[in-house]
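Work out the full structure, taking the sequences as your base and the hints as a guide.
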Amino acid sequence: MASPPENLAADSASPGWMSKGDNAWQLTAATMVGLQSVPGLVILYGSIVKKKWALNSAFMAFYAFAAVLVCWVGWAHQMSFGKRLLPFLGRPSTALGQKFLLERAFSGRIPNASMVYFQVVFAAITTILIGGALLGRMSFHAWMAFVPLWITLSYTVTAYSIWSPEGWLLRLGIIDYSGGFVVHLASGVAGFTAAYWVGPRASRDRQRFPPNNILLMLAGAGLLWMGWTGFNGGDPYSVSVDASLAVLNTHV
1 MASPPENLAA DSASPGWMSK GDNAWQLTAA TMVGLQSVPG LVILYGSIVK KKWALNSAFM
61 AFYAFAAVLV CWVGWAHQMS FGKRLLPFLG RPSTALGQKF LLERAFSGRI PNASMVYFQV
121 VFAAITTILI GGALLGRMSF HAWMAFVPLW ITLSYTVTAY SIWSPEGWLL RLGIIDYSGG
181 FVVHLASGVA GFTAAYWVGP RASRDRQRFP PNNILLMLAG AGLLWMGWTG FNGGDPYSVS
241 VDASLAVLNT HV
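Numbering-wise (full-length UniProt numbering), the sequence shown opens with residue 1 and increments by one.
Just so you know, these hints were derived from the structure itself, not from any lab.
Hints may contain errors.
[To be verified] Just the calculated beta-carbon pair ranges, DEER-fashion:
#1 P200 <-> R104: 25 to 31 angstroms
#2 H251 <-> G191: 21 to 27 angstroms
#3 P200 <-> T152: 24 to 30 angstroms
#4 R206 <-> F140: 38 to 44 angstroms
#5 L245 <-> A202: 42 to 48 angstroms
#6 D11 <-> L245: 29 to 35 angstroms
#7 M144 <-> E103: 29 to 35 angstroms
#8 L86 <-> S203: 41 to 47 angstroms
#9 P200 <-> M144: 18 to 24 angstroms
#10 G191 <-> T28: 27 to 33 angstroms
Virtual Cβ for every residue (Gly too), placed ideally from N, Cα, C.
So, in structure tokens, the structure goes:
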């Protein structure tokens with residue numbers, strides 16, 4: 001049997017179980033999802049509100065992305081996908097060990113390092129979506145406290161329950177292909193609840209609410225749109241027909 005080309009041969013940096021094509025696409029898809037948040041939602045949030053809230057709104061999205069990243073590798077990834085602690089929660093621990101990051105992920109032919117990256121951008125955009133319900137309502141200091149608390153106490157529970165191989169909802173046969181439950185339902189309910197408890201904007205601000213920059217608003221929305229290619233196309237964890245259909249269906 002002929003040996004594979006040198007660039008495709010297995011080595012310590014590219015073990016035999018890993019698909020280079022799948023891994024390359026997974027990293028690309030994750031980056032596209034990340035771009036939906038930074039700069040996509042940063043631009044959208046900063047431009048869609050009144051000028052006096054523009055900087056605060058943009059920084060809410062920027063901070064959330066950075067804070068979720070720290071929480072995710074510190075404890076939240078393992079609470080979402082790690083060893084079982086409860087039927088709906090994993091045991092908190094870091095996701096930074098070399099041995100762990102280089103091992104094969106629980107799904108697909110990719111390493112844990114790629115899986116951690118792919119999952120953290122989903123966690124980040126979910127949190128930032130909640131912020132959309134709070135623009136002009138919540139102070140930045142309150143948002144700084146809210147983000148790590150929500151990602152730790154809420155997102156990890158929903159993610160583990162249906163996306164972890166040990167999750168109780170997954171074991172019941174329930175499937176969340178691309179975040180309908182973990183991302184959209186969770187952020188929608190959280191945003192609605194947070195907006196209710198924080199309360200409405202001042203009456204004078206509700207009477208007229210024009211965006212401060214329509215062109216930037218469209219640019220942010222465009223980044224959000226195209227980023228869906230990676231959001232849905234990366235969920236099969238492979239370069240496959242499923243990925244192709246997911247991308248096409250997303251845009252259609």
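Problem set entry | Distance restraint hint 27 to 33 angstroms, applied to the beta-carbon atoms of G191 and T28 | holds, 29 angstroms
Exercise. Could one say that the CB atoms of P200 and T152 fall in the range 24 to 30 angstroms?
Worked result: Given a distance of about 28 angstroms, which is inside 24 to 30 angstroms, the answer is holds.
Exercise. Per the hint of 29 to 35 angstroms, is the separation of the Cβ atoms of M144 and E103 within bounds?
Worked result: Distance hint for M144, E103 holds at roughly 34 angstroms.
For this session: Given the range 25 to 31 angstroms, decide if the beta-carbon distance of P200 to R104 lies inside it.
Result: violated, 50 angstroms
Problem set entry | L245 paired with A202, Cβ distance criterion 42 to 48 angstroms | Given about 47 angstroms between the Cβ atoms, the range holds.
Problem set entry | Consistency of beta-carbon spacing, S203 to L86, with hint 41 to 47 angstroms | With Cβ atoms ~45 angstroms apart, the hint holds.
Problem set entry | CB-CB spacing for M144 and P200 relative to the 18 to 24 angstroms hint | holds, 22 angstroms
Problem set entry | H251 paired with G191, Cβ distance criterion 21 to 27 angstroms | holds, 25 angstroms
Exercise. Taking the beta carbons of D11 and L245, is their distance inside 29 to 35 angstroms?
Worked result: holds, 33 angstroms
For this session: For the range 38 to 44 angstroms, tell me whether the beta carbons of R206 and F140 fit it or not.
Result: violated, 21 angstroms
Hints 1 and 4, counting from the list given before, are not met by this structure.
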